[in-house]
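Q: Sequence:
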Amino acid sequence: MSDTQEQAQEFFAPVGQAAEDVDKEQPQEFNSEGIRITGAHDVEGHPVQEIKSLCMNCHEEGITRLLLTTIPYFGQVILMSFECESCGFKNSELQPAGSIQEKGSKYTLRIENKEDFNRQVIKQETAKCTFKELDIEIPPKRGQLTNVEGLLSEMISDLQADQEERLKLDKSTHDKIEEFIKKVQSSLNGDEGTLPLTFELDDPAGNSWIEYIPDEASHKWSHIEYIRSDEQNVQVGLITEDQLQEIRAKRVEALANKNRNPTVSGFISDQTDIENFANEVQTFSATCPSCYRACDTHMKIVNIPHFKDVIIMSTVCPECGYKSNEVKTGGAIPDKGRKITLKVDEPEDLARDILKSESCGLTIPELNLDLTPGTLGGRFTTIEGLLRQVDEELHSRVFQQTSDSMDTSTKDRWTSFFENIQAAINGQKKFTVEMVDPLAGSYIQNVYAPDDDPNMTTEDFERTFDQNESLGLNDIKVD
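The sequence shown begins at 1 in UniProt numbering and counts up by one.
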């Protein structure tokens, strides 16, 4: 086991240790509200509390234990467990301590060996788990703090629980399920030919997580954020089913009005003709994905010399302050992907324009920086601007939230990483930018155009089957 894996396991040890310490400590008495502090706590001093609760199995009095704790590289969570001494019923659950995120999250883990089954998983009650090669989908249910192996083992246990009854009623179904269980168990054992597996964790609320191990290969772990659909907003509780029907009714009415009066456009412009669309900033009415109030989205087509047209979109909600900006590339899907490599030797290179699309992965080996496709979304900025954004995002979302839980060596590595980023931003460090985009929709400015740039190389490549599969191209039928 590598040092990074050992460190990751140590981070989570206090959570389990806190639960074990409950019975070792001398608890206080229950107060008038039926709550007491057990004396056990996690590494940051958060206490384990016990609350008298009604058992929904036998309707006698049981005990619920609560622990608010911080999980490194993720955030704060609430661990809950219930036990009834009368009937023996037990239950455990995990809930986010924060609010629903602005966007949904989708994590993907490439399971290539038995050790990958030990990855910690935070699965909230809104999250769906998928194992593609096994054709398994675990629907949203109670929140869990577990690992990949735990998810599959629990599913096997649930299936085995009813196997005796199935054998009596339908032997054919029993045999098929038994064969499926053996297939899953074979994957857990790491038998030859069963790996790799692709594990996806999709949470519209954005509060689930798969453990990330620093410095691992970029293809093993990825994270993307997305705008929730209307149905997903109902699922996470942001709107009710009745509100969803009202939204749909308004959309139908707006479409009907447009059909009755084709001259009415959804765009606000100082021109009457849509032909001027490419020459100005267009503004159209939208709905805020965070608070569902009316807001404006601004859109502008920009021509990048020696590249192609791109669409820059910006949304600001005056009610809740939600902000979003994205860059979309247009045109047909190219036959090949593209890899761009730039050697940044001079401080002036930091001012080069860079367009990183959502499908593009970016690597800077000298800085130990590896951005998987989907990270940061589509961005049109400068190389310096991109580095500053990476520095701000990692420092605020990862380092500041988890530095208290890090050991000295891990904290030193993060500190060294940020120092290298700052040195690169200040033009004190040479580095190489490598961009791999299967859709060839990314770009770095060639300051020598139309001549070749001596510091930059561009290489077209054939997409792999997996890349086409992730982009949904294998299922496209054009006949």
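If you are wondering where the hints come from, they were derived from the structure by calculation, not from laboratory data.
Backbone N, C-alpha and C define an ideal beta-carbon position, used for all residues, glycine too.
Be aware that a few hints might be false.
Unchecked claim - Derived CB-CB ranges, DEER-like: (1) C87 / S157: 38 to 48 Å; (2) F418 / E178: 26 to 36 Å; (3) F418 / T381: 28 to 38 Å; (4) K250 / I227: 13 to 23 Å; (5) T381 / I227: 16 to 26 Å; (6) K308 / E178: 28 to 38 Å; (7) G237 / V302: 49 to 59 Å; (8) P139 / E83: 24 to 34 Å; (9) H219 / D460: 40 to 50 Å; (10) E61 / E216: 26 to 36 Å.
Unchecked claim - Only pairs whose alpha carbons sit at most 30 Å apart, straight line, appear in this in silico DSBU-like list of lysine-lysine: (11) K182 / K103; (12) K141 / K182; (13) K429 / K103; (14) K429 / K300; (15) K343 / K250; (16) K103 / K308; (17) K323 / K343; (18) K411 / K103; (19) K250 / K114; (20) K308 / K339; (21) K220 / K250.
Q: Now, for every hint given, state plainly whether the structure supports it.
A: Against the structure, the hints come out as follows:
1. Distance hint check for C87 and S157: the Cβ-Cβ separation is about 20 Å, which falls outside the suggested range of 38 to 48 Å.
2. Taken as a hint, the range 26 to 36 Å is violated for the pair F418 and E178, whose Cβ atoms sit roughly 53 Å apart.
3. Checked against the given bound of 28 to 38 Å, the beta carbons of F418 and T381, roughly 19 Å apart, lie outside it.
4. The hinted range of 13 to 23 Å is satisfied by K250 and I227, whose Cβ atoms lie roughly 19 Å apart.
5. A beta carbon spacing of about 21 Å between T381 and I227 agrees with the range 16 to 26 Å that was offered as a hint.
6. For the pair K308 and E178, the beta carbons lie near 55 Å from each other, so the given range of 28 to 38 Å is not met.
7. About 38 Å separates the C-beta atoms of G237 and V302, a value inconsistent with the hinted range of 49 to 59 Å.
8. The beta-carbon spacing between P139 and E83, approximately 26 Å, falls within the hinted interval of 24 to 34 Å.
9. Separated by about 20 Å at the C-beta atoms, H219 and D460 break the suggested range of 40 to 50 Å.
10. Take E61 and E216: their Cβ atoms lie about 47 Å apart, and the range 26 to 36 Å is violated.
11. Of the supplied pair hints, the one linking K182 and K103 is violated, its CA atoms being roughly 37 Å apart against a limit of 30 Å.
12. At roughly 24 Å between alpha-carbon atoms, K141 and K182 fall within 30 Å of each other, so this suggested pair holds.
13. For the suggested pair K429 and K103, the alpha carbons sit about 35 Å apart, so the restraint of at most 30 Å is broken.
14. Only pairs whose Cα atoms come within 30 Å are accepted, and K429 paired with K300 is rejected, the gap being roughly 35 Å.
15. For a cut-off of 30 Å, the pair hint linking K343 to K250 is broken: about 52 Å separates their Cα positions.
16. At roughly 29 Å between alpha-carbon atoms, K103 and K308 fall within 30 Å of each other, so this suggested pair holds.
17. Under the criterion of a C-alpha separation no larger than 30 Å, the hint pairing K323 with K343 is inconsistent with the structure, at around 33 Å.
18. Among the hinted pairs, K411 with K103 is consistent with the structure: their alpha-carbon atoms are about 29 Å apart, no more than 30 Å.
19. A distance of roughly 52 Å separates the Cα atoms of K250 and K114; the hinted pair therefore is violated under the 30 Å criterion.
20. A hinted pair counts as satisfied when its Cα atoms are at most 30 Å apart, and K308 with K339 qualifies at roughly 17 Å.
21. At most 30 Å may separate the alpha-carbon atoms for a hinted pair to count; K220 and K250 exceed this at roughly 43 Å.
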